[in-house]
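K.L.:
Could you build the full structure based on these sequences and the hints that come with them?
Residue strings, one per chain:
Number of protein chains: 2
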Amino acid sequence: MTRLLVANDVPEQLVGAIPAMREALGWWAQRLIWHMQDDDILVLPTEPDASCLKYVAKITGTRHESLRVVVPPAGRAGAHNLSADRLADPGFRAAVRDALGGRRLDAVLPLCPDASVVALARSLGAEGAVPGAAFASQSGGALANSKAVFRAVAAGAGVPVPEGSVVGDPLDAEDTIAEFLGRGVPVIVKKEYAQGCNGNELLSPVAGVKPIGARRGLVLEGRTAIKRYVTESWDWLTNGERHKVVVERYHPGSRAVFAEYVLTDQGVELAGQGELVAAPMPDGQVLPAVGLAPVALAQLVDATRRLCEAVHALGYRGTLGPDAIVTPDGEILFTEYNGRITGSTHIYATVGARVVGKEAMRRRILLERQGWTAPSFQVAVDRLFESGLAYNPATEVGIVLVSAFNPVYKVISYCIVAEDLPAALELEERLDKVSPRARQDQG
Amino acid sequence: MTRLLVANDVPEQLVGAIPAMREALGWWAQRLIWHMQDDDILVLPTEPDASCLKYVAKITGTRHESLRVVVPPAGRAGAHNLSADRLADPGFRAAVRDALGGRRLDAVLPLCPDASVVALARSLGAEGAVPGAAFASQSGGALANSKAVFRAVAAGAGVPVPEGSVVGDPLDAEDTIAEFLGRGVPVIVKKEYAQGCNGNELLSPVAGVKPIGARRGLVLEGRTAIKRYVTESWDWLTNGERHKVVVERYHPGSRAVFAEYVLTDQGVELAGQGELVAAPMPDGQVLPAVGLAPVALAQLVDATRRLCEAVHALGYRGTLGPDAIVTPDGEILFTEYNGRITGSTHIYATVGARVVGKEAMRRRILLERQGWTAPSFQVAVDRLFESGLAYNPATEVGIVLVSAFNPVYKVISYCIVAEDLPAALELEERLDKVSPRARQDQG
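Going line by line, the protein sequences match chains A and B.
Under UniProt numbering, the first sequence has 346 at position 346, and the numbering climbs by one with no breaks.
Under UniProt numbering, the second sequence has 267 at position 267, and the numbering climbs by one with no breaks.
These are computed hints drawn from the structure, not numbers from a lab.
Errors might be hidden in some of the hints.
[To be verified] Away from chain A, derived, C-beta distances all over 12 Å, residues of chain B:
hint	residue
1	Val219
2	Tyr229
3	Gln266
4	Ala360
5	Ser387
[Stated by the list, open to error] Footprint (simulated), chain A over chain B, 3 or more residues, beta carbon under 8 Å:
hint	region
6	128-138
7	150-156
8	239-249
[Stated by the list, open to error] Pulled a few chain B residues facing chain A out of the computed Cβ check, cut under 8 Å:
hint	residue
9	Val69
10	Ala115
11	Asp172
12	Asn198
13	Gly315
14	Tyr316
Yeah, the Cβ is synthetic: ideal placement off N, Cα and C, and Gly gets one too.
P.N.:
Okay, here's the thing in structure tokens:
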């Protein structure tokens, strides 16, 4: 089986250019390496670290020498993302054809379904190898990653969402925010397409509400302050008036959970579930969601299925990762969906199903964390093995590296496989002594 | 049964402000009057012509005195459309409550599902009376009226669309247009939200392609001309960079047909079908689509159902009117959908089902035309009755007025009920002698 893996992330026209984050974007896209299989052709935004490729090949049992990596020349916007112009580059396409070497392309696996990936596949005579190619070719990927479209689809599917609305006009935004804040209720405002909570801001009428899952929290007292906030933020919130803005009630003290499905022509299937950890920005995750009561978990899985069925009817195929919160009252409310291979996908699909093995999630928990400091990927690998903390197939316990080396923060993410959460935290303490984990500023 | 009819059209933030068309917009929204029933409360953008209300009450057998009309004060953008601020006006809401007079609101029928209508219904304690309220409250209406979203949903549902794509970047637009024109193939470019073909332009590599269904046709020879067109038109095409643009292959010599469905919680149901007449802009319609072979009609109805089922899964409720073309080769290709009460809805639902009666479309054809000249609605009614051409229930033949008086062009639309198309055209000739029909400039 020959697959083409394309590490394209959500197009920059959507998420908006954040120059400081560009290098991190290129790093983040490399998570696709963890999905490698024998004979894959990997298209990456930048040359991967050889030690990283080798490490992932080893933990996944992939024949390293069967892989081919192709990196297109930098594009109009640089080399941090696989933009449409890079995937259309004739020299690059020739290189992919060369890597194929006459083999038939059986499957195309993009991080994010985009028309540019369908065009690439079409140029290789393999449009049908892209899941949901027709939908993706007509910019459907944007619909499956929009926080605004999400709210309409979720509401339409009868899936609960926090009280709020989608606004496209600064006066509407102001009115909506004022209505909540006037009732003493904090709101979260969200850019339509940003990732990793980088497009979320918390607005509260009073001090003391911790901005979990938002890049910052602001106290706005009265209409004038709200008006000033909207006026000053509108261009950023709407990506230069291009997109809508979500304004929704913020529920302090909630847990963030998710169930991820795979959508194929055969239907929708639960692939993984877990809980996100924020400190206060995304910091890690626990799979499965061991902190959730069985009834709540069943509700989460069921409601997520309904949502996925609606997106399936829309034509989307691939991984869909909706996020939800569980409020202190036990209510499950959905907050967004992500129509792409997320940061959770390789945790359950690779560390869980391939490294640990079949039914892994029935006997092990996976605690993923960002921010293990190291000077390079190779040094991190060496330290991990020397420490004796590396994952051991015999005991089915230990630590797996789950990200490339982040050149901006000089950190790597890891995933602890353990019997339960206390055991995982104990292992983590030991890892912290090998090399400390970079902690977020707790504000 | 007490219903609230809200003659809001697609929000101006979406279609873009066209000052010259504002008065026409207010006129066009009055088509909702033709949906009146006993005890309705009609919310209209401007005071209706009393003679028009009286006429429609008469032809539909509605007790005129049971109706209440409420017109909110002008809003920030004027009085031509029922914008969100107008529907939120406290005095207006009090007037609606007064018109209700304590009656329970059983149903809300907006022209176009919009969050502002849901907010109005909520303020009346009747949010549940709006079909698909949850979806509409989260700006779902925009999704059901976007020509860009349409292409993704249609492709996802396996419904055929003309070759083309959805672009969000001027360079992509240029590349896509150049690819078609380079092959000698004309394209139509479409604004995401415009109505009545006002957002469509035809681009051809050669002269002589008639721009049917487009506001103008341009001959673009070579890349430089294409670049200039895109550069000069981008702001207009994208409504100031707010929206996407559709670029698709144009098939000269095609017929424009439609099947309209009603989407309820129970499912989707075929409501009407017909053929649009352009000369070259929309000029009228024939219902049913008598010019279509039975096999082609069955294909149209089936494919439209698939599309409607996808939009139903999305959460939309109400009337959905997808448009398609039948190419000279007999291929049926879908070109857009309209998630609102269209200009066809009252033709089959009122003139057909209510004026003519049950199973009307099995024994009669309806030919609707725009542009009958008259100094006022009342004079048009008088002339129609004096001429003996007015619809006669005894013979089930004759002419029904189907629009308010258009104050910009001083015209009214009419619908001819006849046994077949030749008979309808004969009646039309006689009407033309009473008062001529304004013809479009045939370019």
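K.L.:
Now look at each hint and say whether the structure bears it out.
P.N.:
Consistency of the hints with the structure:
1. Non-interface call for Val219/B relative to chain A: holds, since the shortest CB-CB distance, roughly 27 Å, exceeds 12 Å.
2. Look at Tyr229/B: its CB is around 21 Å from the nearest CB on chain A, clear of 12 Å, so calling it non-interface holds up.
3. Every CB of chain A lies more than 12 Å from the CB of Gln266/B, the least distance being 15 Å, so the non-interface label holds.
4. Every CB of chain A is more than 12 Å from the CB of Ala360/B (nearest about 33 Å), matching its label as outside the interface.
5. Under the 12 Å C-beta cut-off, the non-interface status given to Ser387/B relative to chain A holds; the minimum distance is some 48 Å.
6. Coverage of the region 128-138 of chain B by chain A holds in this model, with 5 residues showing a Cβ closer than 8 Å to a Cβ of that chain against a need of three.
7. Three residues within the 8 Å Cβ limit are the bar, and the region 150-156 of chain B against chain A gives 6, so the coverage statement holds.
8. With 4 residues carrying a beta carbon less than 8 Å from a beta carbon of chain A, the region 239-249 of chain B meets the three-residue requirement, and the given coverage holds.
9. Hint status for Val69/B: violated, given a least beta-carbon distance of 27 Å to chain A, over 8 Å.
10. Restraint check, Ala115/B versus chain A: the minimum CB separation of about 6 Å is within 8 Å; hint holds.
11. Restraint check, Asp172/B versus chain A: the minimum CB separation of about 7 Å is within 8 Å; hint holds.
12. Look at Asn198/B: its Cβ only gets to about 21 Å from chain A, farther than 8 Å, so that hint breaks.
13. Because the closest C-beta pair between Gly315/B and chain A is about 1 Å apart, less than 8 Å, the hint holds.
14. The beta carbon of Tyr316/B is positioned within 8 Å of a beta carbon in chain A (closest approach about 7 Å), and the interface hint is therefore held.
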